[in-house]
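Protein chains: 2
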Amino acid sequence: MPVYLDATDADFEAQFTALLSAKREDAPDVDEAVAAIIADVQARGDAAVIELTERFDRLRLTPQTLRYTEAEVDTLIALVPDEERAALELAAERIRAYHARQMPADESWTDEAGATLGWRWTPVSAAGLYVPGGLASYPSSVLMNAIPAKVAGVPRLAITVPTPDGQANPLVLLAARLSGVDEIYRIGGAQAIAALAYGTESIAPVDKITGPGNAFVAAAKRRVFGKVGIDMIAGPSEILVIADADNNPDWIALDLLSQAEHDESAQSILITDSPEFARAVDASVSRYLETLERRQIAGASWRDNGAIITVPDLSTAAALSNRVAPEHLELCLADADGLSQKITHAGAIFLGAWTPEAIGDYVGGPNHVLPTARSARFSSGLNVMEFLKRTTLARMTPAALRAIGPAAEVLARSESLEAHGLSVTARLKHLNE
Amino acid sequence: MPVYLDATDADFEAQFTALLSAKREDAPDVDEAVAAIIADVQARGDAAVIELTERFDRLRLTPQTLRYTEAEVDTLIALVPDEERAALELAAERIRAYHARQMPADESWTDEAGATLGWRWTPVSAAGLYVPGGLASYPSSVLMNAIPAKVAGVPRLAITVPTPDGQANPLVLLAARLSGVDEIYRIGGAQAIAALAYGTESIAPVDKITGPGNAFVAAAKRRVFGKVGIDMIAGPSEILVIADADNNPDWIALDLLSQAEHDESAQSILITDSPEFARAVDASVSRYLETLERRQIAGASWRDNGAIITVPDLSTAAALSNRVAPEHLELCLADADGLSQKITHAGAIFLGAWTPEAIGDYVGGPNHVLPTARSARFSSGLNVMEFLKRTTLARMTPAALRAIGPAAEVLARSESLEAHGLSVTARLKHLNE
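These protein sequences, in sequence, are chains A and B. Just so you know, the numbering used here puts 736 at position 102 of the first sequence, and the rest follows in order with no gaps. Just so you know, the numbering used here puts 1044 at position 410 of the second sequence, and the rest follows in order with no gaps.
Hint data in this document are derived by calculation from the structure and do not stem from the laboratory. You may find that some hints are simply not true.
Given that identical chains are not distinguished, each listed pair holds provided it fits within a single copy or across any two copies.
[What the hints assert, rightly or not] Below 25 Å or equal to it, Euclidean Cα-Cα: the simulated SDA-like pairs (lysine to any residue) are: (1) Lys784 to Thr703; (2) Lys784 to Asp740; (3) Lys1063 to Arg913; (4) Lys1063 to Ser918; (5) Lys861 to Ala747; (6) Lys784 to Arg719; (7) Lys976 to Arg754.
Okay, chain A solo, but in the shape it has when bound (with noise of 0.2 Å):
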């Protein structure tokens, strides 16, 4: 059963501070075991790569077999059923319609000084994009990371996607080539991250390394960042509702599940201003407990992480959430979008219960990696932005740095910078010969 709270008992506070509070994800440390895997790799390269994958995925490569060849990929993918691959076709034009338009613009002006400034996008030079293998292998997670990248630009994608005792998932191959990934290499863990940031013999850097992973895979990703950038160390998933009484309870029922499933240490949340449509939320869970497929995962998710909190009114609801900046958010009210104006916090929002939250795992266009464990505070689900960057330029003429190189130098006299004020001084001063 999951835990009930009333926003209007006295001491909903300090319940509501403690499910905030509530450490869920239960990581093992493994940071030295992962140190030890990177500077493997870094000394050995594809040795390294290789006895590591035979030792952790029973899977025996040489530098020649470590990168899936276009035959074997084709091969592969010829395996997936026609109803599957037009899925897939759909999920991945409507991803890359919408993450087209985050494409931002170059700029220049020139400004009342004379001074033109603005700024120039490029891409990453290379990125590569971690792919779990085995029961996580989602398919729709290759798109998810690999279309922002191809939109962006990015050259060069690599993806590293681990076959444990051999076994391929042919739709991850087949999302990689809808996605236009460039190599895939079927290896994992620390030593998969360590080489896509240093590098082998068979396998160039990259430069932004990208995807989600276990506890090993977040230990390398950490450690490796500076060396490259790396996208946000994802968390258990969590889903908020807000729904008022209007709804079919099965529908909210089933949303809530449908993040229960991923994770036991997955959090689903229910907000609603009526006691009566809680307690019918909370019977059909049970009820769909009973059959689910994955229901011990979901149950333990929903028994030691579910919440249902009653409101007076749905202010507070609204309130309530942005104390919580839940990764996803669904409005199943009459008017979503009045309420959707009072959210600060939030990875993603479904507006209306036509919008269930697993069209934005799929179809919907949105991203679906977003920011977990109340970082929606202060960071956004993965876009386009994460594989561009943004170099500044400023062109001064003499008239521009007679306007204001003078205030330079009085900055920088008093910041004790001699030679910044003398650059500046040394151009004045030829103006004024």
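Could you slot chain B onto chain A? The hints should help.
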């Protein structure tokens, strides 16, 4: 004497690679000490911050004096001479105008399936800016960090600036006032970062921390990352100047020295197609190093990390520059704009001989907080985006769900996520009833 490289030498590639991989930073490992400080502040709040400030800054504070009062700020900034005030005001105005153009737009559109998609930008609720004390207490850095936060709309902006032995820098306080900073605390070090991240009785926690600092501050920022957002961890400053023979060697020498004088670990590189010009610049640097106030620092930097590279042509210069991915790049060439089109990685570009890098440090408008240590390959300088996050929006209609829902059902099944699929199926079933 700096290292001289000639791009036409047989062993140039080896020498250039060595230059690229030379480790300039020698930060002490203070991670354990920092972990203890953070734990102490988490456990004891104000009391810990006050004790640590007494120990490190020889300054006795109380919970009431941690924060400057408005009257104290008024008194201190009244000490700033008019000339410096006017220079700071001009800088603030130009930085604000530049960053205002970086504000991204919200978007919303309805696609052919009938889905309404888009995103909305919101600022972080509270940001903290670390300002170093003592020698490296730069008012210009306050402007460069605080103004983008305020342009982004951050409602609460706090700064921490240590005052060793009670020594405050009135210019820093004036810069904070001009930038619209809301709270100023007289604390520093890892304890200030911990207080901003976790909060104390007197200091409310923030969601994002930016700003430069020493090894303790950098280690503390790394540790609180995840709990809050942080900006990059800056390394020693760098400049790369590409200049042809039609330049005044003294101007270029001063531009190189204006990085070298920051720090012995700073790096200044000249790339030119003229060996004669290279020697003239080197000679000029030597002359300035006889008299420059910070000649010890600048001399050590130039001797240990400086480099002069001669190239057969300017497009070789651009290619080498892209491998360096410099923080600052000056193009002192007749066709600076043309060559800048070949630059793929640089934090900031200064175009033409009338644009000394020092202009960008103070009054140009673009930010002077820029990616160091080759990280311009994958990251940007500080900008308003650092203080904003994007919430994606999606709204389906029954018709839109009918159009794209079935693909989501197929993909959910292929990923063995049954509840995901059922949340769509339940709604589609209702439509077909």
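Here is what the structure says about each hint:
1. Taking the closest pair of Cα atoms, lysine 784 and threonine 703 come within 25 Å of each other only inside a single copy of the chain (21 Å); across copies the shortest separation is 51 Å, beyond that limit.
2. Taking CA atoms no more than 25 Å apart as the test, lysine 784 paired with aspartate 740 passes in both settings, with 18 Å inside one copy and 23 Å between copies.
3. Proximity of lysine 1063 to arginine 913 under the C-alpha cut-off of 25 Å is restricted to the inter-copy arrangement: shortest distance 23 Å between copies versus 80 Å within a copy.
4. For a Cα distance limit of 25 Å, the shortest separation of lysine 1063 from serine 918 across copies, 17 Å, qualifies, whereas the shortest one inside one copy, 80 Å, does not.
5. For a Cα distance limit of 25 Å, the shortest separation of lysine 861 from alanine 747 qualifies neither inside one copy, at 39 Å, nor across copies, at 43 Å.
6. Taking the shortest Cα distances, lysine 784 and arginine 719 sit within 25 Å of each other inside one copy (20 Å), while across copies they are farther apart (47 Å).
7. Taking the shortest alpha-carbon separations for lysine 976 and arginine 754, only the inter-copy value of 12 Å comes in at or below 25 Å, while the best intra-copy value is 34 Å.
Violated hint: 5 only; the structure is consistent with all others.
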